[in-house]
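Colleague: Listed below, chain by chain, are the residues.
2 protein chains.
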Amino acid sequence: MSIYCFANNQIQIIEKAGVPVTDLLVQRGYGIFDFLRVAGDKPLFIDDHLDRFFHSAEKMRLTIPQTREDIKNIVKELIHKNQMSYSGIRMIIAGGDAPDGYTIEHPHLIVIQAPLAEPTLHLPTTGIKLATYSYQRQIPDVKTTDYLMAVWLQPWMKEQGADDILYHHNGAVRECPRSNFFLLTQHNVLVTAHEHMLKGVTRKNILQICAQYQIPFETREVSIAEIQNAKEAFITSSTKRIIPVHQIDNYLVKPNYKDSLAVKIYDLLTNLE
Amino acid sequence: MSIYCFANNQIQIIEKAGVPVTDLLVQRGYGIFDFLRVAGDKPLFIDDHLDRFFHSAEKMRLTIPQTREDIKNIVKELIHKNQMSYSGIRMIIAGGDAPDGYTIEHPHLIVIQAPLAEPTLHLPTTGIKLATYSYQRQIPDVKTTDYLMAVWLQPWMKEQGADDILYHHNGAVRECPRSNFFLLTQHNVLVTAHEHMLKGVTRKNILQICAQYQIPFETREVSIAEIQNAKEAFITSSTKRIIPVHQIDNYLVKPNYKDSLAVKIYDLLTNLE
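Protein sequences appear in the order of chains A and B. Once you know that position 269 of the first sequence is 1601 in this note's numbering, the rest is easy, because the numbers rise by one and skip nothing. Once you know that position 164 of the second sequence is 1496 in this note's numbering, the rest is easy, because the numbers rise by one and skip nothing.
Hint data in this document are derived by calculation from the structure and do not stem from the laboratory. Only a predicted model underlies this, so the values are computations on that prediction, with no experimental measurement involved. There could be a bad hint or two in this list.
Pairs involving identical chains hold if they fit within one copy or between any two copies, as the list cannot separate such chains.
[To be verified] Derived lysine to aspartate or glutamate pairs resembling DMTMM-like cross-links, with alpha carbons at most 20 angstroms apart:
(1) K1374 with D1402
(2) K1348 with D1429
(3) K1391 with E1491
(4) K1490 with D1432
(5) K1374 with E1450
(6) K1404 with D1432
(7) K1596 with E1450
(8) K1490 with E1390
(9) K1490 with E1437
So that you can see chain A by itself, here it is in the shape it has in the complex (with noise of 0.2 angstroms):
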């Protein structure tokens, strides 16, 4: 069956959607994205990410052709059309043609759709280990196509026996490349980075919910020497809502199950969706 997607300003099969090869997204990686996941026939969360998303476009100077509610209209019909029980929604800006090469001129919307696995019901038991990697984001407050070093990195990550990379920089914690990272120090009190990194929407949830059920926690610099005294450490992202750290480096991060606070928040944002 043949999947649809938006691109070319129209519905169309995947296969015939290409960017032209003229794009300052292809000859300059200029474009910016989001990503939201789907339930059904329901997206979630779909207005934070479009904030989102029309925040990065304002930044990078992406006029984006379509409303708001052009965007929930392109992606309610490609729920219809491609009636997948799970998956996720990427939306991209292209920067456009340029003559010049350089100039935005018509920044165009790419929408497209494709399956994705269930979360579990309740927190993973399983911890997947992080391997810090010192590197700061361009332009971090925005979500970028820029996935240069995240990709270049993949070889490197498994060669250090883990799963996923944090980035740091100047000792301070950054960000994962796909999401965000939290950890629980000594005195129980929740934290994660503030600025020059990229706000999630799962991390904006789990904020509000650390608000409402008086949770202690804080967004502030989050210096690299404070993983080792982290009694728990979590990356955050939609797709995958929590997964749990235990380890990071050579630092072992095993906190009892039962008492997890990750476990908690975890329940807590299944049942926001």
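Here the structure of chain A is known, so what remains is to put chain B in place on it, guided by the hints.
Modeller: Only chain B this time, still in chain A's reference frame:
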């Protein structure tokens, strides 16, 4: 008249050539390229450009499906079919389709030809203004398709009344987004950065000319402070050979045209072609 390019493993009309929306180049900005000038039917310094292209590909773990000879034949065929009097050739390696959105599995070649203005016979007498900006390109010895910062800074650059941007980092001059930077010191030594930037083919040719004609030169860390004492400054690229720089931020550099070292080197560069 239609312009032909090479994409999707065939020579085809450029309007029909597209990069799949699922390609790593589109979704993750993962690609490399090189660009060379073509005088009539003669691709200039193609071996130097292919050397760098294959170096970029290797460093980025992108296996080029074609051999050097294959690529030369594609370039030759495009030049023959497109019949442009003066042009530029862009060769791109796109990351290719990655079902997991991350793993490089099917890198592929794109070759595009476009008309280009012929450089003037002698060095232009008018110089440009550069605005300095603190920025370090990621994976700087590779010609990646990442020009996110360069494109994003265009409006800022125009606000400064500048024609191009000069990147520097921790007090050291790096490069312009699409060219290398040279300055002539008070002691008549031509200096240019030696690391953390892309080594241009024109830069290489100029250094060879300096060695051959006993023009004193150094490739080393160039301090941003040295700009204040520059007797001459210019930028170099395959497209333009040399462009004189007459202002950097508020500092004016105006050599006597007749005695200018850039004039002499420009003529020697022209002869090399």
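Colleague: Hint numbers the structure violates, sorted upward?
Modeller: 6
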